[in-house]
Amino acid sequence: MRSVVTIIGKDKVGIIAKVSEELAKNNVNILDINQTVMQEYFTMIMLVDISKCSIELVTLKKNLEKIGEEMGLSIKLQREDIFKKMHEI
Amino acid sequence: MINKRNIIETINMIEEQNFDIRTITLGISLLDCSDTNGEKSRIKIYDKIMKYGENLVATVEKVEKEYGIPIINKRISVTPISIIAGNSNDKNYVEYARTLDRAAEEVGVDFIGGFSALVHKGETKGDNILIDSIPRSLAETNKVCSSVNLASTKSGINMNAVKKIGKTIKETAFLTKDYESIGCAKFVAFANAVEDNPFMAGAFHGVGEREVSLSVGVSGPGVIKHALEQVKGESFDILSDTIKKTAFKITRAGELVVKEVSKRMDIPFGIMDLSLAPTPEIGDSVAEILEEMGFESCGAPGTTAALAMLNDAVKKGGIMASSHVGGLSGAFIPVSEDQGMLDAVNRGSMNIEKLEAMTCVCSVGLDMIGIPGDTSEETISGIIADECAIGVINGKSTAVRVIPVWGKKVGDIAEFGGLLGRAPIMKVNKFSNNKFIERGGRIPAPVHSFKN
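One line per chain: the protein sequences are A and B, in this order. The working numbering numbers the first residue of the first sequence as -7 and each following residue consecutively. The working numbering numbers the first residue of the second sequence as 19 and each following residue consecutively.
Don't read these hints as lab results, they were simulated from the structure. The model shown is predicted, which means the values in this text are computed figures rather than measured ones. It is possible that part of the hints are untrue.
Simulated pairs of lysine-lysine, BS3-like, Cα-Cα distance not exceeding 30 Å [stated by the list, open to error]: (1) A:Lys10 - B:Lys185; (2) A:Lys54 - B:Lys185; (3) A:Lys4 - B:Lys22; (4) A:Lys4 - A:Lys17; (5) A:Lys4 - B:Lys185; (6) B:Lys161 - B:Lys185; (7) B:Lys83 - A:Lys10; (8) A:Lys17 - B:Lys22; (9) A:Lys76 - B:Lys250; (10) B:Lys22 - A:Lys53; (11) B:Lys161 - A:Lys44; (12) A:Lys53 - B:Lys250; (13) B:Lys80 - A:Lys58; (14) A:Lys76 - B:Lys161; (15) A:Lys17 - A:Lys53; (16) B:Lys80 - A:Lys68; (17) A:Lys53 - B:Lys185.
Please work from the sequences and hints to get the whole structure.
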């Protein structure tokens, strides 16, 4: 099963490091990363594999949101199929 | 990798345009809960609701988090209680309402619908007792919603019941007079009521439905409005196409979510209701969608045509997106629950007569409208009869949910709070219709209903 992590906010040092650390810690594999910085605003979309995730998805989501709060960013974790269903026939 | 633009679009829909799933409604059949002993019947009802409803809220909340889409309401609908209670020797059914209320409280749902009767052709003993029990039931419970189907295209309009319901609404208003007559906000009179509607106050689990099922009502007036802002000045062809595409997306999201809940609870998926349901929140308004099409204020000439197109385009987009659509499916135009509609009333561009015209082309009817507390029973019955006629002749559902707010007059405001919002008291036509309502009997089914 795959999920999408989106990170939006002001760019700063260590965003990717912190998020990847949390993912690695819980055995979540990063499949793809897409990142842009536009006018200081950082947008990153990660596709991750959560099938071997060692904690509940909802807990992982909470942990990521907490990191987001600490760094002044919006970090979301949502299951991939929502984006597929909405935008593909 | 998935398209980045699509991901950002979905996130913006949720974050900025109020996209949400308005309700997931668990329908439960109570047909096996009737008993000649009312008390035994109520125990069966309570136990059955607990059995199936126990995990509803927790499951929905978990799915909500995983997908990151807010699911606002969790509700339960049951078989019309008049059918279940009719088997008992009870002389009033207020206890049944209390049982439903207790069960709803215990499982943690927002509302429970089905304190209902279907009397479009005539009343049974149970129907009469239920209708008589409505005012007290709504005054003495918090979460119970009630509805009565008074007319259908196949059977015409039961004018005896229409007359009676005018009185029922007035009594309910009186018994809840200390709370802005809020009991009336939990009651709806229908023509052509549907058996699988997930929206309140009119939800009930029809007798043709299976044992249990999960239905969903998506919403997203804000999303549609945002999409229309991107095609300013374009023709109606482009406008309807834009609405269709947007409706497709939000419907797909709704279906995905309900199917996941259905899988986890092992309860079959019923239907998707494609209604656009506004909330009092800014930017979540159907009236504002209509205004975006080119009106200074909702209600200006042309508004009915705009609503007709909106309703049709939402259905076309939604039907393609879901395997089973049903319920009311169309735009809702409540007054108190839609900030744009409230503004239109306050500006003087919207009145009951225009709303009535608009109900000819959308899925519901006169919804959440505050009217003066001294409005007569007959006037209310007349308003209901008009809406029934619109539904019966056009072969569509229509409904009336008016609140004659005790002690209030035109220009006052009734505050209901929460999703029910606030209602300005609107002017009603006061010329007498007493002799018309007095006649009684049944208005026959229209000729075009004989399609066999």
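Against the structure, the hints come out as follows:
no.	hint	in the structure
1	A:Lys10 - B:Lys185	violated (65 Å)
2	A:Lys54 - B:Lys185	violated (52 Å)
3	A:Lys4 - B:Lys22	holds (21 Å)
4	A:Lys4 - A:Lys17	holds (22 Å)
5	A:Lys4 - B:Lys185	violated (66 Å)
6	B:Lys161 - B:Lys185	holds (22 Å)
7	B:Lys83 - A:Lys10	holds (22 Å)
8	A:Lys17 - B:Lys22	holds (26 Å)
9	A:Lys76 - B:Lys250	holds (28 Å)
10	B:Lys22 - A:Lys53	holds (20 Å)
11	B:Lys161 - A:Lys44	violated (42 Å)
12	A:Lys53 - B:Lys250	violated (38 Å)
13	B:Lys80 - A:Lys58	holds (18 Å)
14	A:Lys76 - B:Lys161	violated (37 Å)
15	A:Lys17 - A:Lys53	holds (14 Å)
16	B:Lys80 - A:Lys68	holds (15 Å)
17	A:Lys53 - B:Lys185	violated (53 Å)
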